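Undergrad: Chains as they are written, first to last, in the working numbering: chain A, 1 to 211; chain B, 212 to 422.
Please keep in mind that the hints were generated in silico from the structure rather than gathered at the bench.
Everything numeric in this text was worked out from a predicted model, so none of it was measured.
Accuracy of the hints is not assured; some may be wrong.
Listed next, with one range per pair, are the computed distances between beta-carbon atoms [said to hold, decoys possible]:
1. Asp218/B <-> Ala105/A: 54 to 62 Å
2. Val182/A <-> Ser240/B: 17 to 25 Å
3. Pro150/A <-> Ser346/B: 24 to 32 Å
4. Ala83/A <-> Ser261/B: 56 to 64 Å
5. Val393/B <-> Ala83/A: 34 to 42 Å
6. Ala83/A <-> Gln396/B: 39 to 47 Å
7. Val393/B <-> Val200/A: 54 to 62 Å
8. Asp7/A <-> Gln350/B: 47 to 55 Å
9. Gln82/A <-> Pro315/B: 48 to 56 Å
We put the beta carbon where it would ideally sit given N, CA and C, even for glycine.
Protein chains: 2
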Amino acid sequence: MEVNKPDTATRILDVAERLFVEHGFEATSLRMITQQAEVNLAAVNYHFGSKDALFESVFMRRIGPFVAACLAELDTLEQSGQALTAEQLVVSFIRPCLALSKDPARGGALFVRLMSRTLVENHRLLREALNQQYSIFVQRYTSAFQRALPQFGAEDIAWRMHFAFSVMFNAFAGNDVLKIFVRSQVVTARDPDMIVKHLVPFVVAGLTAPI
Amino acid sequence: MEVNKPDTATRILDVAERLFVEHGFEATSLRMITQQAEVNLAAVNYHFGSKDALFESVFMRRIGPFVAACLAELDTLEQSGQALTAEQLVVSFIRPCLALSKDPARGGALFVRLMSRTLVENHRLLREALNQQYSIFVQRYTSAFQRALPQFGAEDIAWRMHFAFSVMFNAFAGNDVLKIFVRSQVVTARDPDMIVKHLVPFVVAGLTAPI
DNA sequence: GTCTATACGGAGATAGAC
DNA sequence: GTCTATCTCCGTATAGAC
Numbered sequence: 001m002e003v004n005k006p007d008t009a010t011r012i013l014d015v016a017e018r019l020f021v022e023h024g025f026e027a028t029s030l031r032m033i034t035q036q037a038e039v040n041l042a043a044v045n046y047h048f049g050s051k052d053a054l055f056e057s058v059f060m061r062r063i064g065p066f067v068a069a070c071l072a073e074l075d076t077l078e079q080s081g082q083a084l085t086a087e088q089l090v091v092s093f094i095r096p097c098l099a100l101s102k103d104p105a106r107g108g109a110l111f112v113r114l115m116s117r118t119l120v121e122n123h124r125l126l127r128e129a130l131n132q133q134y135s136i137f138v139q140r141y142t143s144a145f146q147r148a149l150p151q152f153g154a155e156d157i158a159w160r161m162h163f164a165f166s167v168m169f170n171a172f173a174g175n176d177v178l179k180i181f182v183r184s185q186v187v188t189a190r191d192p193d194m195i196v197k198h199l200v201p202f203v204v205a206g207l208t209a210p211i
Numbered sequence: 212m213e214v215n216k217p218d219t220a221t222r223i224l225d226v227a228e229r230l231f232v233e234h235g236f237e238a239t240s241l242r243m244i245t246q247q248a249e250v251n252l253a254a255v256n257y258h259f260g261s262k263d264a265l266f267e268s269v270f271m272r273r274i275g276p277f278v279a280a281c282l283a284e285l286d287t288l289e290q291s292g293q294a295l296t297a298e299q300l301v302v303s304f305i306r307p308c309l310a311l312s313k314d315p316a317r318g319g320a321l322f323v324r325l326m327s328r329t330l331v332e333n334h335r336l337l338r339e340a341l342n343q344q345y346s347i348f349v350q351r352y353t354s355a356f357q358r359a360l361p362q363f364g365a366e367d368i369a370w371r372m373h374f375a376f377s378v379m380f381n382a383f384a385g386n387d388v389l390k391i392f393v394r395s396q397v398v399t400a401r402d403p404d405m406i407v408k409h410l411v412p413f414v415v416a417g418l419t420a421p422i
């Protein structure tokens, strides 16, 4: 059996995922994808409709399981019956990010970067497509944070969640906003475990800061 | 006198700035720009060399004065001779952002968004071009934060500055990472004054959090 | 020095044969 | 399902007018 030759659509998805992460969406041409996937140029449009829709398919294949993993973490926490802390909620999001970044079968660190960059950049191609899964995610975390931080109003919580998730996605996106040299070495936000070590205290402090 | 007709290069810069912010770099074609600027298609390549170089010129026209404004704020603070707080440093960056966003003559809120998005996304076109001005900016803020937060090592400061500036740029980029509904209204990070009111406490708390 | 008209190769998309 | 041929639009380069 042809274990090394999945069907056409899957071959396209696999190659496209890698190339989109490596070179970005715009810099990746359909001709590059179809050549490496060993399929005809028109196969992309036949199976996915357009380059835009291919990107959406690449993204949607991974994002569902990721969101499910976050919600499962939330479920486990909430079933304990105890009052949750902001730190527990932050970790419930970061842990699936780490797990995903260490699982090559689901895209690995490259997909985490793609996901984070796409969300941070609020990519036009996903504003509509994401809404369904995304809104469940946002609602669950919003109500969890409202219970964890009862001293703040709903609007304050919303702002802080905006900031918290923008730091976290940015950290995993790996686009260093600053280039800071410490002892002639650039401090670069790429190693997942180092990110988490510094990220969690920062985010938790921001979320819980007195008004 | 033709007050409404600046020279060709300036007309191109003005139109390009607006279109890059409204539609993004890739989605803005030279034909759109030259048509609206009422110049010939070839004028862009004649005056700027390429579409990439045009983007760089659009950016560089505004970024110099902005960086200068931040450094002037730092100068004023440091001349007081008093020990500075993290909050003062955060405000010294945010105040020029606000001022710029309210000055249409220097690009206004649209340029603040363009600047923030470009930096957050670590745009390939500016990684090299920005380095000169940017490195002065980073060095000044790094040493200022090291003095304001002497309890932390250089590496911890670097990480926290990464996170702090990524939140701030993200906030001004206006790409809402989350869509949170409060009383049926989306809490959206677009109004500069509202951003600052919530942003400063979050960032300062993150920067000063105990390890 | 500036500006215009135009041509070229590469991109994504698509109709139609097989 | 797959593949070829072809379409339009993109950024770019250049020859030549003023």
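Undergrad: Does each hint hold? Answer for all of them.
TA: Against the structure, the hints:
1. Asp218/B <-> Ala105/A: 54 to 62 Å: holds, 58 Å
2. Val182/A <-> Ser240/B: 17 to 25 Å: Distance hint for Val182/A, Ser240/B is violated at roughly 42 Å.
3. Pro150/A <-> Ser346/B: 24 to 32 Å: 45 Å Cβ-Cβ, so the 24 to 32 Å window is violated.
4. Ala83/A <-> Ser261/B: 56 to 64 Å: For Ala83/A and Ser261/B the Cβ distance comes to about 58 Å; the hint holds.
5. Val393/B <-> Ala83/A: 34 to 42 Å: violated, 22 Å
6. Ala83/A <-> Gln396/B: 39 to 47 Å: violated, 28 Å
7. Val393/B <-> Val200/A: 54 to 62 Å: violated, 26 Å
8. Asp7/A <-> Gln350/B: 47 to 55 Å: holds, 54 Å
9. Gln82/A <-> Pro315/B: 48 to 56 Å: Once the Cβ atoms are compared, 53 Å apart, the range 48 to 56 Å for Pro315/B and Gln82/A holds.
Against the hints set out earlier in the document, violations occur for numbers 2, 3, 5, 6 and 7.
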